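Asker: Working from the sequences, and respecting the hints, build out all of it.
Listed below are the residues making up each chain.
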Amino acid sequence: MKLQQLSIFLENRPGHLAKPLELLSEQGINLLNLSLADTAEFGILRIIVRDWQKAEQVLKDAGWVVKLTEVVAVDVEDRPGGLAEVLQVAGRADLKIEYMYAFPLRRSDRAALIFRFEQPDRAIEQLQAAGGHLIDAEELFAAAE
Amino acid sequence: MLKERWNDVEGGFHPASAPDYLPEDKLREVQLRRLRAVVKRAYDNVELIRTRMQDKDMAPEDIKQLSDIAHLPFTTKLDLRDTYPFGLFASPMSDIVRLHASSGTTGKPIVVAYTREDLEVWAEVMTRTFASCGLHRGDVVQNAFGYGLFTGGLGAHYGAESLGATVIPVSGGNTERQLMVMKDFSVTAMCATPSYFTHIIERALDMGMDMRDLPLHTGIFGAEPWSDAMRSHIEQGAGIKAYDIYGLSEIIGPGVASECSEQNGLHVFEDHFYPEVIDPETGEPLPDGEEGELVLTTLSKQAMPIIRYRTRDITRIIPETCACGRTTRRFRRVGRRSDDMFIIRGVNVFPSQVEAALLQVEGTLPHYQIILTRENGLDQMAVEVEVTPEVFSDKVRALEDVRAALAKAIEHIVGIRVGLRLVEPRTIARSEGKAKRVIDNRSL
Chain A
0 MKLQQLSIFL
10 ENRPGHLAKP
20 LELLSEQGIN
30 LLNLSLADTA
40 EFGILRIIVR
50 DWQKAEQVLK
60 DAGWVVKLTE
70 VVAVDVEDRP
80 GGLAEVLQVA
90 GRADLKIEYM
100 YAFPLRRSDR
110 AALIFRFEQP
120 DRAIEQLQAA
130 GGHLIDAEEL
140 FAAAE
Chain B
0 MLKERWNDVE
10 GGFHPASAPD
20 YLPEDKLREV
30 QLRRLRAVVK
40 RAYDNVELIR
50 TRMQDKDMAP
60 EDIKQLSDIA
70 HLPFTTKLDL
80 RDTYPFGLFA
90 SPMSDIVRLH
100 ASSGTTGKPI
110 VVAYTREDLE
120 VWAEVMTRTF
130 ASCGLHRGDV
140 VQNAFGYGLF
150 TGGLGAHYGA
160 ESLGATVIPV
170 SGGNTERQLM
180 VMKDFSVTAM
190 CATPSYFTHI
200 IERALDMGMD
210 MRDLPLHTGI
220 FGAEPWSDAM
230 RSHIEQGAGI
240 KAYDIYGLSE
250 IIGPGVASEC
260 SEQNGLHVFE
270 DHFYPEVIDP
280 ETGEPLPDGE
290 EGELVLTTLS
300 KQAMPIIRYR
310 TRDITRIIPE
320 TCACGRTTRR
330 FRRVGRRSDD
340 MFIIRGVNVF
350 PSQVEAALLQ
360 VEGTLPHYQI
370 ILTRENGLDQ
380 MAVEVEVTPE
390 VFSDKVRALE
400 DVRAALAKAI
410 EHIVGIRVGL
420 RLVEPRTIAR
430 SEGKAKRVID
440 NRSL
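Chains as they are written, first to last, in numbering that gives the first Met the number 0: chain A, 0 to 144; chain B, 0 to 443.
Please keep in mind that the hints were generated in silico from the structure rather than gathered at the bench.
Wrong hints could be hidden among the right ones.
[To be verified] BS3-like mimics (lysine-lysine), calculated; alpha carbons at most 25 Å apart, straight line:
no., chain 1, residue 1, chain 2, residue 2
1, A, K1, A, K95
2, B, K76, B, K107
3, B, K107, B, K407
4, B, K63, B, K25
5, B, K182, B, K240
6, A, K1, B, K394
7, B, K25, A, K95
8, A, K66, B, K394
9, A, K95, A, K66
10, B, K39, B, K76
11, A, K53, B, K394
12, A, K18, A, K95
13, A, K18, A, K59
14, B, K76, B, K55
15, B, K182, A, K18
16, A, K1, A, K53
17, A, K59, B, K394
18, B, K39, B, K25
[Unchecked claim] With beta-carbon atoms standing in for the labels, derived distance ranges:
no., chain 1, residue 1, chain 2, residue 2, range
19, A, A17, B, G172, 42 to 52 Å
20, B, R420, A, G62, 15 to 25 Å
21, B, R420, A, D93, 33 to 43 Å
22, B, E389, A, N11, 38 to 48 Å
23, B, T426, A, G27, 23 to 33 Å
24, B, N440, A, R12, 17 to 27 Å
25, B, S260, A, G62, 56 to 66 Å
26, B, D227, A, G62, 54 to 64 Å
27, A, L86, B, Y83, 37 to 47 Å
28, B, S260, A, D37, 51 to 61 Å
29, B, F184, A, R12, 42 to 52 Å
30, A, N11, B, G163, 52 to 62 Å
These figures come from a predicted structure and were not determined experimentally.
Virtual Cβ for every residue (Gly too), placed ideally from N, Cα, C.
Answerer: Below you can see the structure in the form of structure tokens.
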């Protein structure tokens with residue numbers, strides 16, 4: 000259901016994305032997923048990793064500004080309309096989505112939707128009530144890695 | 000000989016310029032007489048100065064020769080702030096006919112006052128300034144210095160009128176109107192900041208106008224540092240002679256010193272403002288020719304006598320006599336300052352003010368750097384701020400809001416648009432643990 004996402008501040012300049020990712024790879028930390036939000040001048044790298052405590056420490060020790068955020072994972076059938084159905088539920092329940100991203104789950108025919116809700120607890124409640132399938136970190140990593 | 004030329008207003012010296020040609024011993028005599036009077040006036044009427052002199056066991060009578068000035072206490076910008084608004088006035092308000100105030104600072108500005116006689120002196124030194132830059136009756140002066148609390152506009156205005164020139168009080172801004180006025184009113188001389196004038200040249204080119212075809216022959220530039228390279232650019236671009244003038248509100252406004260036809264150093268109007276150059280670290284006076292901080296004493300100011308004001312401007316007195324014939328001493332054009340204050344579009348900005356704005360928005364002080372550039376002739380200010388965990392967010396909009404709030408807080412202080420960039424931690428270079436706060440890339 001809820002899982003921890005790490006966000007890292009980057010300047011939007013050539014080569015800047017590589018630096019924190021190299022750092023994580025040196026520590027043998029594998030990324031489950033990565034999403035990047037950017038403006039002309041800066042970007043926010045958002046990652047989901049299994050050992051987020053270690054990743055957070057490694058990045059902080061190297062001087063990066065890191066923020067830990069709770070996001071909500073929903074899994075849907077990987078078919079047309081899978082995402083739309085969840086968004087309809089969110090819309091009806093007036094759930095505010097700050098941002099979201101999605102990726103297919105390797106070990107199933109399903110896809111993971113990662114949501115950053117303004118009110119994650121209320122979102123979980125509403126999505127579950129509407130029959131949505133929420134997954135926790137263990138399930139997510141088991142299906143994806 | 001001189002007298003005849005003074006009468007020849009069209010071609011030679013303006014009568015007001017007579018003190019610029021005093022024999023040296025006569026000039027020193029005038030200075031000593033006025034110094035003794037101004038110190039007495041300040042001692043009798045200004046508590047801060049009296050207290051400081053008493054702390055040093057000094058009385059006005061101790062000023063027996065000009066070199067005794069070195070025993071007097073300094074006055075700093077902080078003193079003017081601390082005594083806001085009227086604490087350094089030596090005249091009752093009933094004798095004060097004008098107030099000006101510094102602009103562009105947070106908190107309290109600096110207030111300066113003038114009696115009727117002070118305004119006459121101001122008009123006189125600005126007349127001498129214009130005369131020194133080759134202007135006379137018959138010239139049409141477009142004054143683009145700002146009118147208002149800033150001393151530039153009105154200071155230049157009354158000087159040009161007193162010279163006998165025709166003044167157009169256009170004030171700053173509205174570049175297209177400036178060009179229309181310049182062309183349609185057959186303007187021969189313009190007062191402006193050098194960066195604004197460069198902008199005017201660019202704008203004229205955009206409008207398909209060649210300023211070299213206009214009657215304009217002289218530019219009077221001040222209120223911000225500029226270089227000889229910029230002078231060449233202005234002189235060639237507009238087909239004019241460009242002169243540097245110097246002044247500061249604390250002393251009188253524009254009219255403290257001016258270049259002459261030689262364009263090689265600025266003559267101080269020494270009969271009204273006594274210049275010293277000191278070692279900024281020790282405060283000790285330096286002999287003429289050595290570089291240090293310029294210190295000025297008003298010799299004739301009534302409303303607000305200022306004793307040994309630390310200008311923070313770094314320069315040196317040029318000991319050689321000037322080929323123009325003036326006997327007043329010159330100092331080198333000011334290229335840098337002894338503190339980290341910088342001047343952008345005529346506004347004095349201290350990094351500490353930028354820090355205050357950053358602190359107000361963020362709660363803690365992030366590492367930051369101010370970068371000054373000159374684009375199309377206009378000074379631009381950018382501030383790079385390292386992102387801290389306190390302000391960082393995973394949401395783009397939240398970070399954009401932080402960026403905008405920081406920019407707004409700084410703009411509120413400096414009064415011009417500021418480019419604000421959020422940068423990664425540790426990207427701003429530190430030396431000895433301390434970041435260099437101001438990077439001035441304006442090709443001065």
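Asker: The structure should be examined with respect to each hint, and the outcome stated for every one.
Answerer: Going through the hints against the structure:
Restraint check for A:K1 and A:K95: the C-alpha separation of about 16 Å stays at or below 25 Å, so the hint holds. The hinted pair formed by B:K76 and B:K107 meets the criterion: a straight-line CA distance of about 12 Å does not exceed 25 Å. The hinted pair formed by B:K107 and B:K407 meets the criterion: a straight-line CA distance of about 20 Å does not exceed 25 Å. With a CA separation close to 16 Å, the supplied pair B:K63 and B:K25 stays within the 25 Å bound.
At roughly 18 Å between alpha-carbon atoms, B:K182 and B:K240 fall within 25 Å of each other, so this suggested pair holds. A threshold of 25 Å between alpha carbons decides the hint, and for A:K1 with B:K394 the separation of about 18 Å falls inside it, so the pair holds. For the given pair, B:K25 sits about 83 Å from A:K95 by alpha-carbon distance, which is inconsistent with the 25 Å threshold. In summary, the hint linking A:K66 to B:K394 is supported, as the alpha carbons are separated by about 10 Å, within the 25 Å threshold.
For the given pair, A:K95 sits about 20 Å from A:K66 by alpha-carbon distance, which is consistent with the 25 Å threshold. Of the supplied pair hints, the one linking B:K39 and B:K76 holds, its CA atoms being roughly 22 Å apart against a limit of 25 Å. Note on A:K53 and B:K394: the hinted pairing holds, with a Cα-Cα distance of about 23 Å set against a maximum of 25 Å. The suggested pairing of A:K18 with A:K95 is violated, with an alpha-carbon distance near 33 Å, which exceeds 25 Å.
For the given pair, A:K18 sits about 13 Å from A:K59 by alpha-carbon distance, which is consistent with the 25 Å threshold. For the proposed pair B:K76 and B:K55, the alpha carbon gap of about 21 Å is at most 25 Å, so the pair holds. Proposed proximity of B:K182 and A:K18 is contradicted: the alpha carbons are some 57 Å apart, above 25 Å. For the hint linking A:K1 to A:K53, the alpha-carbon distance of about 18 Å falls within 25 Å, and the restraint holds.
A distance of roughly 19 Å separates the Cα atoms of A:K59 and B:K394; the hinted pair therefore holds under the 25 Å criterion. Distance hint between B:K39 and B:K25 is fulfilled; the C-alpha atoms sit about 22 Å from each other, no more than 25 Å. At roughly 47 Å, the beta-carbon separation of A:A17 and B:G172 lies within the given 42 to 52 Å, and the hint holds. Checked against the hint of 15 to 25 Å, the pair B:R420 and A:G62 passes, with Cβ atoms roughly 18 Å apart.
The given range of 33 to 43 Å is respected by B:R420 and A:D93, whose C-beta atoms sit roughly 36 Å from each other. Range check, B:E389 to A:N11: about 22 Å between beta-carbon atoms, so the 38 to 48 Å window is missed. Remark: the range hint 23 to 33 Å for B:T426 to A:G27 is upheld by a beta-carbon distance near 27 Å. Range check, B:N440 to A:R12: Cβ separation about 19 Å, and the 17 to 27 Å hint holds.
In this structure, B:S260 and A:G62 meet the distance hint of 56 to 66 Å, their C-beta atoms being roughly 58 Å apart. Hint check: B:D227 to A:G62, Cβ distance near 43 Å, so the stated range 54 to 64 Å is violated. For the pair A:L86 and B:Y83, the supplied restraint of 37 to 47 Å is violated, since their beta-carbon distance comes to about 60 Å. About 57 Å separates the C-beta atoms of B:S260 and A:D37, a value consistent with the hinted range of 51 to 61 Å.
The hinted window of 42 to 52 Å between B:F184 and A:R12 holds, with their beta carbons roughly 50 Å apart. Checked against the hint of 52 to 62 Å, the C-beta distance between A:N11 and B:G163 comes to roughly 59 Å, which is consistent with it.
Comparing the model with each numbered hint stated earlier shows that hints 7, 12, 15, 22, 26 and 27 do not hold.
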